[in-house]
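> For reference, the chains in residue letters:
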Amino acid sequence: MFKFWKARNFDCSKAAADLQSYLDGEIGAETASKISSHLRQCVGCKTEAVKFERIKLALQRQNAPVNAEIIENLQQFASNIADPNQA
Amino acid sequence: MATETSKQTRFHKIIVPHTENLYRTAWALTRSHIEAEDLVQETLLKAFNALDKFDGRYPKAWLMTIARNTYINKSKKKKPELLKDPDITFEHSELFADHTDPAALVVDPTFDAGVEIAFNSLRPDARHVVELVDLKGLSYAETAEKLNVPVGTVMSRLHRARNQMKQSLEESAALDGELNDAAKETERDV
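These protein sequence lines map, in sequence, to chains B and X.
Quick note: the first sequence uses this note's numbering, first residue 889, plus one each step.
Quick note: the second sequence uses this note's numbering, first residue 2, plus one each step.
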């Protein structure tokens, strides 16, 4: 409990201010290292980091560059698995 | 023979239609067309081999779970090499360790739908910055140059937009479970 309280009060506001830049790799090595240490100890800040990453990855999934030819090839691959005589 | 034909028909009917969704998931995980194709092929093979044990309910979720597990196993095998790679920061490998692996982030369609709504609710200028940084992969400086605005403006627009999306998702009762699960998992790890 004390560890949690201490970590939360160490520099949460500073970590929060730089968290997105940190996740984007847009921050200096020294600050990145401080935030990294903080995230290892602080439940609240790490949860925030995970949330931002979840949102970003969901966006990337929805916007994945889908090539019709690739999908067609994969569907053909799937058909061949089901019926190897057609290959 | 009849059983085999039935299995083939079942595979065509319930698995093949999800190929595109499976590819999108694979691409979000790997960020590479070649690796995504490999992952989809491996997933389809595993799905066919395990089809007799599958009850037929929620085929999409079943496929995504196979893809996710396959990706995690492949990543674990690669891990020793990855950690030696100076381009991959220790900080990020720590953040995504185990349960916070990004693979866990792409299997819930409800969450995806909520993210889409939150994204489309952003103001056009905010949405544009998110597109450039999160989807096109531009740096802050490149985004600033493209939009002809200072880097500080990019940062403030981007960070505000993401906070707005996060807040919108947190306020959505449907997404509480998803985000609370993340909190519980993280708490357990500390």
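Quick caveat, the hints were computed from the structure, so don't treat them as lab data.
All values derive from a computational prediction rather than experimental measurement.
Take these hints with a grain of salt, some might be off.
What the hints assert, rightly or not - Distance ranges between label pairs, derived from CB positions:
#, chain 1, residue 1, chain 2, residue 2, range
1, X, S122, B, D971, 23 to 33 angstroms
2, B, T919, X, K8, 32 to 42 angstroms
3, X, N121, B, P953, 52 to 62 angstroms
4, B, T919, X, H13, 28 to 38 angstroms
5, X, R128, B, S925, 45 to 55 angstroms
6, X, S122, B, A904, 16 to 26 angstroms
7, B, R928, X, E117, 29 to 39 angstroms
8, B, C900, X, I35, 39 to 49 angstroms
9, B, V954, X, R58, 20 to 30 angstroms
10, B, K902, X, G57, 36 to 46 angstroms
11, X, S33, B, K902, 32 to 42 angstroms
Said to hold, decoys possible - Far from chain B, some chain X residues (derived; all Cβ distances over 12 angstroms):
#, residue
12, G57
13, R58
14, R124
15, M156
16, M166
In this text, a Cβ means the ideal position worked out from N, Cα and C, and glycines have one as well.
> Each hint needs a verdict: does it hold in this structure or not?
Status of each hint after checking the structure:
One distance hint, 23 to 33 angstroms for the beta-carbon pair S122(X) and D971(B), is violated here, with the actual separation near 46 angstroms. Restraint check, T919(B) to K8(X): a C-beta distance of roughly 56 angstroms breaks the suggested window 32 to 42 angstroms. Evaluation of the 52 to 62 angstroms hint for N121(X) and P953(B) yields a failure: the beta carbon distance comes to about 19 angstroms. For the hinted restraint 28 to 38 angstroms between T919(B) and H13(X), the CB-CB distance of approximately 54 angstroms leaves it violated.
Between R128(X) and S925(B) the C-beta distance comes to about 34 angstroms, which lies outside the given range of 45 to 55 angstroms. At roughly 23 angstroms, the beta-carbon separation of S122(X) and A904(B) lies within the given 16 to 26 angstroms, and the hint holds. As the Cβ distance of R928(B) to E117(X) is approximately 32 angstroms, the hint placing it in 29 to 39 angstroms holds. Between C900(B) and I35(X) the beta carbon distance is about 41 angstroms. The supplied range of 39 to 49 angstroms therefore holds.
For V954(B) and R58(X), the Cβ-Cβ distance of about 26 angstroms falls inside the hinted range of 20 to 30 angstroms, so the restraint holds. About 52 angstroms separates the C-beta atoms of K902(B) and G57(X), a value inconsistent with the hinted range of 36 to 46 angstroms. Distance hint check: the CB atoms of S33(X) and K902(B) are about 35 angstroms apart, consistent with the given range 32 to 42 angstroms. Chain B leaves G57(X) outside its interface by the beta-carbon criterion, the shortest separation being 15 angstroms against a cut-off of 12 angstroms.
Against the 12 angstroms criterion, R58(X) stays outside the reach of chain B, whose nearest CB is about 20 angstroms from its own CB. Distance check for R124(X) against chain B: the nearest CB is about 16 angstroms away, which clears 12 angstroms, and the non-interface claim stands. The claim that M156(X) lies off the interface is violated: its Cβ sits roughly 7 angstroms from the closest Cβ of chain B, which falls inside the 12 angstroms cut-off. Its closest Cβ contact with chain B, about 6 angstroms, brings M166(X) to no more than 12 angstroms, contrary to its assignment away from the interface.
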